[in-house]
Amino acid sequence: MRQPLTSDLNLNTAAIPNASHTSTDTSAAILKIAIHAVGGQGGGVLANWISDLATSGGYAVQMTSVAGVAQRTGATIYYIEMAQQTDRAPVFALTPSPGDVDILIAAELMEAGRAVVRGFVTPDRTTLIASSHRILAVDEKTQPGDGRADSPLVYKKVKQASHKVVCFDMEAIASRAGSMISASLFGALARSGDLPFATELFEQVIRNSGRGVDASIDAFRGALNYDEGVTLVRFDNPPGLDGGSAKSLVQPVGPARLLDQWQRLTAQIKTMPEPVHHVVTVALQKVVDYQDIAYGQQYLENLQQFVDLETGEDNYELLKTAAKYLANAMCYDDIVRVADLKTRASRNRRLRREQEAGADQIVHVTEYFHPGAQEVCGTLPAGIGRRIEGSPRMYKLLDKLVNKGRRLRTDSASGFLALWIASSLKPIRRKLLRHQVEEKHVQKLIHVSLAAAERSVPLAIEILKCQRLVKGYSDTHARGHSKYQMIIDSLDTIEQQANAVACLSHLRETAVKDESGELLEVEIKALAER
Amino acid sequence: MAERSFHKEVQQLTIEQGETFRGEGILAITKALLENGVGYVAGYQGSPISHLMDVLADAQEILAELGVHFEASASEATAAATLAASVHYPIRGAVTFKSTVGTNVASDALANLASGGVTGGALIIVGEDYGEGSSIMQERSHAFAMKSSIWLLDPRPDLPSIVKAVGDGFKLSEASNSPVMLQVRIRSCHLLGEFTAGQNKRPETTVKDALENPQRDYNRIVLPPSSFLHEQEKVSKRLPAAVDYIRENKLNEFFGPAESRVGIVCQGGMYNAVIRALQRLGLANVCGDSDIALYVLNVTYPLVDDEFLEFANSRASVLVVEEGHPEYIEQALRAMLHKNGSATRLSGKGTFPVAGELTGQVMLDSLRQYLLENAPDLMPPQARSPNAPQPEVDAALAQALPARPPGFCIGCPERPIFAATKMVESELGPHHIASDIGCHLFSINAPFDIGATTMGYGLGPASASAFNDNAANRRSISFLGDGGFWHNGLTSSIGNAVFNNNDGVIIIVDNYYSAATGGQDILSSRASNQSKSTNHTIKEAVQGMGVQWVRQIDRTYDVGKVQATLREALTTEQTGPKVIIASSECMLNRQRRLKPLVAESLSEGKRVARTRFGVDEDICTGDHACIRLSGCPSLSVKTLDDPLRDDPVASIDNNCVGCGNCGEVADAAVLCPSFYQADVISNPGWLERTASQLRARLITALQNRRDKRRLVFDETALDL
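Sequence lines, in order, name chains L and V.
Residues 21 to 550 (this note's numbering) are what the first sequence spells out, left to right.
Residues 33 to 752 (this note's numbering) are what the second sequence spells out, left to right.
Among these hints, one or two may not hold up.
Straight line, CA to CA, 30 Å or less: simulated DSS-like cross-link-like pairs of lysine-lysine [unchecked claim]:
1. Lys740(V) with Lys424(L)
2. Lys593(V) with Lys420(L)
3. Lys179(L) with Lys670(V)
4. Lys740(V) with Lys533(L)
5. Lys740(V) with Lys290(L)
6. Lys176(L) with Lys593(V)
7. Lys416(L) with Lys740(V)
8. Lys420(L) with Lys454(V)
What the hints contain is simulated information worked out from the structure, not anything from laboratory work.
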């Protein structure tokens with residue numbers, strides 16, 4: 021019975037002989053199954069199903085679980101042992117032992133990794149049934165930047181560590197079926213063919229359990245019949261400068277006059293080296309979408325300075341980097357942009373889809389705003405804004421007026437209109453205080469990086485990448501900008517270092533992870549004293 | 033209403049004699065209590081025996097039919113004191129709690145109970161919370177048994193043995209007039225197995241009988257001179273009676289060949305692990321028939337000298353398998369050998385690690401080492417020298433894995449309290465923060481990293497008592513849950529703070545249940561409970577205790593309000609304890625309560641609003657500051673398919689329950705405007721529908737007007 025159900029399984033069986041148990045190990049007659057899950061995933065349901073399956077299949081079975089605080093989002097383990105029923109009861113162990121597990125079921129990729137590290141998955145005998153999806157741990161999510169664990173590495177390692185692998189995104193299968201991952205894992209277990217029970221018996225067990233049976237059966241079959249050849253295991257990786265192909269495919273819709281102007285803009289891209297076309301197209305879209313055609317033209321002119329640069333070497337990387345960060349710098353986050361994005365029809369559609377709202381359902385949308393005096397000043401005509409910023413008394417008064425949490429119902433007429441009016445400031449954005457500040461920032465960025473490129477293209481690339489630090493709203497933006505400024509101000513010091521490029525890159529990465537900027541300050545100081 | 037319902041499972045408690053019972057350890061223990069004519073049961077929840085309390089609560093009708101009194105005690109001390117009913121009356125009683133923390137709390141009553149002794153069988157079922165899955169400090173209950181002359185059962189971890197131990201415990205208790213402690217380990221409590229059922233029995237004497245026929249025996253009351261007599265009686269009468277009963281009824285078991293040069297003495301609870309190691313070494317078969325002699329101590333205190341000596345004297349050496357530290361059993365057995373001038377060598381700690389759980393690997397390694405040193409000839413060649421390479425841990429993989437500590441659930445009402453605390457600390461500077469036992473202790477983990485000590489259930493504010501100096505310009509903050517408040521906190525923490533004029537701030541986290549242990553009701557629970565009196569407010573209790581400065585917050589998700597209240601408490605001129613009661617229902621229990629109601633409303637076509645939060649991905653800049661003030665499992669990050677983005681953006685999955693924490697935090701901490709709240713209304717009324725259509729028409733008109741004058745790059749069209 022221990023044969024795979026389908027021949028096209030993506031199994032890692034090559035070369036490793038199934039010399040699992042030493043001939044002395046009498047517990048080889050016992051089938052040992054461990055389930056590693058994250059609290060709240062329904063690991064208990066799966067464990068109960070497997071136990072019921074064993075009982076209906078004429079096996080003696082014992083199941084244990086660990087209760088307690090681990091159930092609250094922590095890592096949990098269930099353990100099942102079964103042996104063919106005889107007139108005497110077998111003696112079962114209550115916990116899995118390293119090197120002594122036949123089937124390891126992991127309901128999440130990192131839990132599969134943890135099982136491997138703990139020795140519960142061994143290449144001589146363990147079939148690993150794992151869902152490749154991720155449930156991020158708190159530490160991965162809280163990091164500024166990208167603190168997520170290296171999924172491809174873990175995927176590769178767990179495959180190497182097991183005798184046989186059934187690994188794909190079982191959460192997605194369950195979710196599509198409107199069920200829980202326990203059902204698709206159960207399907208994957210049937211698929212492995214490692215249990216001496218017919219598929220019908222698996223389904224019978226689900227039916228007997230009573231609740232949400234149809235959805236569970238769907239998810240079960242989804243995993244059982246999943247075609248690994250068609251859908252490769254995918255991880256949530258950043259697309260890279262040449263990626264995100266969907267974005268470049270978006271064709272604008274609008275009045276003929278504007279479409280015509282758009283065509284003329286994109287024609288300018290064609291004069292640039294071919295390898296940068298993709299990212300420049302995406303960036304140009306972003307800029308035009310943010311403001312207008314004229315702003316797009318301004319963007320291309322900014323970028324042209326990098327195209328015209330005579331560096332004596334091919335500088336696609338510099339161009340791509342400039343294309344990305346100039347666009348990001350030009351599309352700064354302000355009240356107008358937020359109001360614009362939140363009042364679009366496309367936003368409505370996305371929201372309804374994300375919230376799984378049906379056509380006959382009404383959606384009330386409440387926005388959580390908390391504007392500060394600084395943001396309001398930035399949205400005033402430059403002269404007025406500056407005067408208020410220059411007078412502590414007026415600034416304080418304004419802050420008192422505006423600085424409080426505001427809940428806006430954007431599905432209501434009044435709430436929508438409020439945002440609509442704010443977004444109507446877009447045509448005069450160039451006259452607003454914030455724009456003047458940001459415009460100066462963009463020009464400085466161009467100036468500094470172009471100057472650096474004359475000396476070293478890699479250094480210029482690293483400088484442009486520092487724009488990554490400047491983002492967000494209110495305090496977040498202020499902190500990010502000050503970190504950016506700290507680095508730019510110490511460029512002289514950095515360039516004196518033996519490996520200036522690596523040094524700058526390191527400082528930037530430090531700044532990304534360092535929320536307050538204190539560590540960055542210390543590092544820069546140390547650099548200056550070196 | 034507890035988190036897990038056993039209404040279906042408890043039906044098994046009524047199965048007929050001879051039928052096969054299939055279920056978890058806790059349910060089997062309950063069945064065994066009924067089969068042994070128990071007269072009353074009490075206890076306090078806590079892992080791993082929380083579910084035993086839940087089973088008993090759900091089985092109240094069955095218990096009542098048999099004339100069995102059940103009580104959810106206020107604390108373990110109360111539970112232990114309940115056993116006083118068996119002092120003068122021949123009623124069998126059982127209490128349960130987690131150990132050692134519960135036993136610590138109960139020890140005053142236990143010591144008094146054990147001093148005077150019992151007439152009816154008195155059973156203390158302790159969930160030994162030791163080893164993987166444990167949530168408390170690592171200690172042994174064994175010491176309590178020894179110091180108080182309570183006999184300790186540690187049965188083999190299978191249902192028939194555990195069920196038998198319940199009956200043995202009552203009889204041993206009655207035969208020796210001493211309370212008996214039945215120890216069940218973490219996994220035994222949640223062990224799914226089978227046993228053959230016996231007949232349920234009504235108690236021979238019920239609590240009603242006793243109430244109507246009061247008795248007292250002066251000699252059983254703990255006060256000199258009786259207490260001096262008890263001290264003698266423990267060793268002169270009760271201990272010998274217990275030892276005789278254990279020997280005569282063969283409570284301890286022998287397995288394997290009578291003749292073998294080596295032998296293993298193990299705690300009953302370790303039996304399966306020992307057998308598994310022997311199986312893997314080829315020295316026992318699947319059913320446990322062992323080539324090595326085994327002496328299994330189903331009673332680990334008292335030990336039966338002659339039984340052990342008989343086992344040991346015929347062998348060259350014996351190995352003692354004892355989990356935990358100190359090694360009380362090993363010491364006692366060594367003393368026996370020494371006193372008897374025995375030549376038998378004894379191995380124990382040393383071969384085994386001194387402390388910690390005896391996992392499968394530890395057991396295998398230690399047994400192999402012992403046998404290699406003492407009886408290598410008994411081992412099959414492959415077991416003697418396995419010739420297998422030592423498995424290596426892949427360092428790169430280990431490095432790559434993120435830790436996954438437990439944390440607050442989705443929508444937990446405690447999260448905003450700690451978000452507010454973190455924000456107040458960033459305003460006023462760091463404070464000394466004392467934590468307590470309960471879900472709120474998860475604040476010590478990321479992303480909050482709040483709390484310095486945890487000294488016991490209900491002892492959070494008590495553990496900040498020393499930090500009371502009027503000259504200091506900063507106050508201490510201490511936390512206390514509603515469970516801990518009613519367990520011990522009202523007197524030990526609040527009363528103490530009032531009495532000593534403690535100037536600190538006390539935050540009582542009130543989530544309507546004893547949530548960490550599985551959502552059992554307590555005095556301040558808002559639910560109406562048929563058999564319990566609830567709805568006693570914490571605020572009134574605190575005021576009754578004499579606290580002048582009390583603030584009640586009825587919606588913890590109002591982060592701004594929690595923040596302002598805490599700020600006020602830390603800065604007010606008023607002296608004496610400042611108590612903030614932060615109340616919102618445990619989300620896990622709330623969801624469990626509401627889900628069926630919502631489903632019912634939907635099926636009836638009634639109007640239902642479902643709230644969830646979302647993130648506008650093009651507004652989120654991927655800073656994750658919101659997550660650093662939340663840690664909610666449903667608030668995660670995702671990569672956008674956009675080459676212009678560097679950082680993954682925040683994203684809320686469909687498990688969101690719409691508690692509002694992320695929106696409130698983004699507002700209170702002035703983070704960003706990406707969060708939105710979506711209330712999806714099913715089955716809206718016609719008025720609502722019409723109004724909505726009118727609004728939508730206006731909005732669409734405005735949108736179309738603008739879209740006619742600009743270029744629209746609509747990605748959502750691609751996604752469809």
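Right, here's what the structure says about each hint:
For the hint linking lysine 740(V) to lysine 424(L), the alpha-carbon distance of about 35 Å lies beyond 30 Å, and the restraint is violated. The suggested pairing of lysine 593(V) with lysine 420(L) holds, with an alpha-carbon distance near 18 Å, which does not exceed 30 Å. Annotation: proposed proximity of lysine 179(L) to lysine 670(V) holds, straight-line Cα distance about 25 Å (limit 30 Å). Pair hint lysine 740(V) plus lysine 533(L) does not hold up; C-alpha atoms about 43 Å apart against a cutoff of 30 Å.
Restraint check for lysine 740(V) and lysine 290(L): satisfied, since their Cα atoms lie roughly 28 Å apart, inside the 30 Å limit. The hinted pair formed by lysine 176(L) and lysine 593(V) fails the criterion: a straight-line CA distance of about 49 Å is larger than 30 Å. In summary, the hint linking lysine 416(L) to lysine 740(V) is not supported, as the alpha carbons are separated by about 41 Å, beyond the 30 Å threshold. For the suggested pair lysine 420(L) and lysine 454(V), the alpha carbons sit about 24 Å apart, so the restraint of at most 30 Å is met.
Violated hints for the displayed structure, listed by number in ascending order: 1, 4, 6, 7.
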